[in-house]
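Q: Now for the letters of each chain:
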Amino acid sequence: MSNLAKACSILLDKIRDENPLIHNITNYVTVNDCANAVLAIGASPVMADDIDEVEEIVSISSALVINMGTLNQRTIRSMIMAGKKANELNIPVVFDPVGVGASKLRNKTAEEILSQVEVDVIRGNISEISYIAGVKATTKGVDAGIVDEKYKAVDIAKTVSNNYSCVVGITGEIDVISDGRRLTKIANGHKLLSKVTGTGCMTSALIASFCGVTGDYYAAAVAGIATMGISGEIAFEKAGIMGTGSFHISIIDSLSKMNSTVFLERGIIDEGKY
Amino acid sequence: MSNLAKACSILLDKIRDENPLIHNITNYVTVNDCANAVLAIGASPVMADDIDEVEEIVSISSALVINMGTLNQRTIRSMIMAGKKANELNIPVVFDPVGVGASKLRNKTAEEILSQVEVDVIRGNISEISYIAGVKATTKGVDAGIVDEKYKAVDIAKTVSNNYSCVVGITGEIDVISDGRRLTKIANGHKLLSKVTGTGCMTSALIASFCGVTGDYYAAAVAGIATMGISGEIAFEKAGIMGTGSFHISIIDSLSKMNSTVFLERGIIDEGKY
Amino acid sequence: MSNLAKACSILLDKIRDENPLIHNITNYVTVNDCANAVLAIGASPVMADDIDEVEEIVSISSALVINMGTLNQRTIRSMIMAGKKANELNIPVVFDPVGVGASKLRNKTAEEILSQVEVDVIRGNISEISYIAGVKATTKGVDAGIVDEKYKAVDIAKTVSNNYSCVVGITGEIDVISDGRRLTKIANGHKLLSKVTGTGCMTSALIASFCGVTGDYYAAAVAGIATMGISGEIAFEKAGIMGTGSFHISIIDSLSKMNSTVFLERGIIDEGKY
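Chains as they are written, first to last, in this note's numbering: chain A, 197 to 470; chain B, 197 to 470; chain C, 197 to 470.
Only chain A is shown next, with the shape it has when bound in the complex (with noise of 0.2 Å):
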């Protein structure tokens, strides 16, 4: 057992005794799910986006998820106010740039996110860290595309970790995450997680539930994207058979069912150095 494994599983226990406030300035398609995944994990969401009262929100809470899903104009303003404000009161910033790479309003937006505030996790599929780390993508929607094959995931994660003094997690079959110096892969999950929708955005959701409870935010990225593949593991073997309705709501099943034990026995967590 790994001491990083050790680390995330207390942080487990943690999150259900503390029970922080996310706040989660999100897209409509997903956010149910990224509510309810945070309360399984033991957490407490709150979703507000307007922009006469998103500072107010973020002073309240323990972490901040700014998810671009389906920004808009109105939105965009409001993820950059509230990312500001949690900067200046030190209160940590998950970023999921959902499709970046896609359009020239996602591109502009991430910039801007980027340039104005500091984020201290960003999560994305390899399609979207791969543009956030300026290598050419191929970004097909908000899926997964192909990148150019002479760029490994691992090289892509340290780049966009040192360019932004932040932890970086790309999840696909196998995780990686840096914080530039170090680098944890991660093999648990399952492939029919690609065929539910919001899996990403529940994944940062939770990584920004475990950033509200410890300042170690390498663990906490660790630990939300662990969760999320042990979940799904668990969630094919209960349900997965029936089809991908019942293994969307298995998924949260084994959200709230999750705890240190659990966590210890299924992590397959590799924990390395470049």
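Do not rely on the hints blindly, as some may be mistaken.
Identical copies go unnamed one by one, so any copy, or any two together, can satisfy a pair.
Said to hold, decoys possible - Here are the simulated BS3-like cross-link-like pairs (lysine-lysine), alpha carbons at most 25 Å apart as the crow flies:
#: 1; residue 1: Lys210; residue 2: Lys391
#: 2; residue 1: Lys453; residue 2: Lys391
#: 3; residue 1: Lys300; residue 2: Lys210
#: 4; residue 1: Lys469; residue 2: Lys348
#: 5; residue 1: Lys336; residue 2: Lys210
#: 6; residue 1: Lys336; residue 2: Lys280
#: 7; residue 1: Lys387; residue 2: Lys210
#: 8; residue 1: Lys300; residue 2: Lys202
#: 9; residue 1: Lys280; residue 2: Lys348
#: 10; residue 1: Lys336; residue 2: Lys453
#: 11; residue 1: Lys434; residue 2: Lys391
#: 12; residue 1: Lys434; residue 2: Lys304
#: 13; residue 1: Lys453; residue 2: Lys387
#: 14; residue 1: Lys336; residue 2: Lys281
For the record, the hints were derived by calculation from the structure and aren't laboratory data.
Given chain A, put chains B and C in place with the hints provided.
A: Leaving out everything else, chains B and C in the frame of chain A:
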């Protein structure tokens, strides 16, 4: 069996007979659950929030829900316009002041709505209703916070009821419903209901469904709150062991199976006076 | 086995092979179900509605859905802009005129869309399509109301099809699909489908998924509508007894398990002419 419980149970059958149209101006987090809860209990939901159509939509509806969950400048104007039109046409208005106390925008909006619209039922948690009562309460985002202990839910409900000449429902471990004179306590429900987002919003939408078939809004509030409590209990018995995802779905299942017999067998409704 | 049913069943396999990207400008009530339905049938959903990105997003997509469910001034402009761009690039457009007839805003918007965008498929209930046909209908919010009995669905479908040179699908107990010359009736489905919000919206999203892999939009409309009908039947058999929550989830399960064999065994597709 109390007369009130019997009156509520009759309304349940009436909803399935009359299939009232319920106009919801609500949040994008729990809107799908609200629509499915309204359908499950036998009414028809319509979600419409553009200022250019809310007056027409409310005019063909049997009740209106104003839910502040993810309010913004655009929808606040629509809420007030729809509420005024409902008043003009004697269509009942249920107000769910989600998260009031958590931001100036929410406080100001609740005040605007309550000063410009005559609401027939207000439903919220103890923090929200305490704020409306003018009692200092700590809110935790959209969840119930801690209220100064010298104030009791029964007194707070009475105050708000008298101040706004409406029925007030405070949902919690013991639900309290008051019209300023009468006082009903409901002991149904399950603590897991607080681990699924939207159970409060759904309760408000159910109250509106009941308001759509009766002029007795006190009975409608009791019926809506008890229906959710009973459904939560049944859902826990059927699916609670599986986790909060399955429990969530089972709430809708239970609503869709609800009838006067189940209501009368299960309802723990204590009717009284001040 | 009809040739049309066989053609539809081949398209089912083709979606899973080609995984087309489907751009949805849709409502916030049923958007999560639409995304999961598109994923379940083997396509990829992208939901994007900001005017600054819809042209780019539709340009990388294989089909566009314009769904008026919770229209507002901001999204109406995006719908028209996306539709025009789709026309320019010969990308198929599926139009779901949710609740047309219920407000002037909806009527005006449907008119604007139909005058500015060449739509390839229109899908709605009998009230909505009657309104589009210019037949006086009573609508009940977004649900089907009563239509003057002298007008029949088959005639209404033909009228709308001829007026707008498109395929028309009227979903109901018996679904009617017409391209003005041909007429297909589908007897699949279950009445419980009307007790879950979004089954119509999901059907439109499925039609678009089929349009994304063929130029035969008549077959695509038949395939999408029959796929939902069959999935509803299977869902009822598997989970209907439990209630509408479980039935809802089972619809997605059934879509994710759908294949050409099930389609050909179950489809009750009556192909004909006027």
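Q: If a hint holds in the structure, say so; if it does not, say that too.
A: Checked hints:
In this assembly of identical chains, Lys210 and Lys391 lie within 25 Å of each other by CA distance solely across copies; the values are 17 Å between and 31 Å within a copy. In this assembly of identical chains, the alpha carbons of Lys453 and Lys391 lie at most 25 Å apart whether taken from the same copy (22 Å) or from different copies (12 Å). For a Cα distance limit of 25 Å, the shortest separation of Lys300 from Lys210 qualifies neither inside one copy, at 40 Å, nor across copies, at 31 Å. Proximity of Lys469 to Lys348 under the C-alpha cut-off of 25 Å is restricted to the intra-copy arrangement: shortest distance 15 Å within a copy versus 57 Å between copies.
In the homo-oligomer, the alpha carbons of Lys336 and Lys210 lie at most 25 Å apart only across protomers (18 Å), although the nearest pairing inside one protomer, at 38 Å, exceeds that limit. Taking the shortest alpha-carbon separations for Lys336 and Lys280, only the inter-copy value of 21 Å comes in at or below 25 Å, while the best intra-copy value is 30 Å. With identical chains, the CA atoms of Lys387 and Lys210 are at most 25 Å apart between copies only, with a shortest distance of 20 Å across copies and 29 Å within one. For the identical chains of this complex, Lys300 and Lys202 are neighbours neither inside a copy (42 Å) nor across copies (41 Å), given an alpha-carbon limit of 25 Å.
Proximity of Lys280 to Lys348 under the C-alpha cut-off of 25 Å is found in neither arrangement, the shortest distances being 32 Å within a copy and 39 Å between copies. For the homomeric pair Lys336 and Lys453, the shortest alpha-carbon distance between copies (24 Å) is at most 25 Å, but the shortest distance inside one copy (34 Å) is not. Taking identical chains as interchangeable, the C-alpha atoms of Lys434 and Lys391 lie at most 25 Å apart whether they share a chain (16 Å) or sit on different chains (21 Å). Taking identical chains as interchangeable, the C-alpha atoms of Lys434 and Lys304 are never at most 25 Å apart, the minima being 42 Å within one chain and 47 Å between chains.
Taking CA atoms no more than 25 Å apart as the test, Lys453 paired with Lys387 passes in both settings, with 21 Å inside one copy and 16 Å between copies. With identical chains, the CA atoms of Lys336 and Lys281 are at most 25 Å apart between copies only, with a shortest distance of 18 Å across copies and 33 Å within one.
The structure fails to meet hints 3, 8, 9, 12 from the earlier list, while all remaining hints are met.
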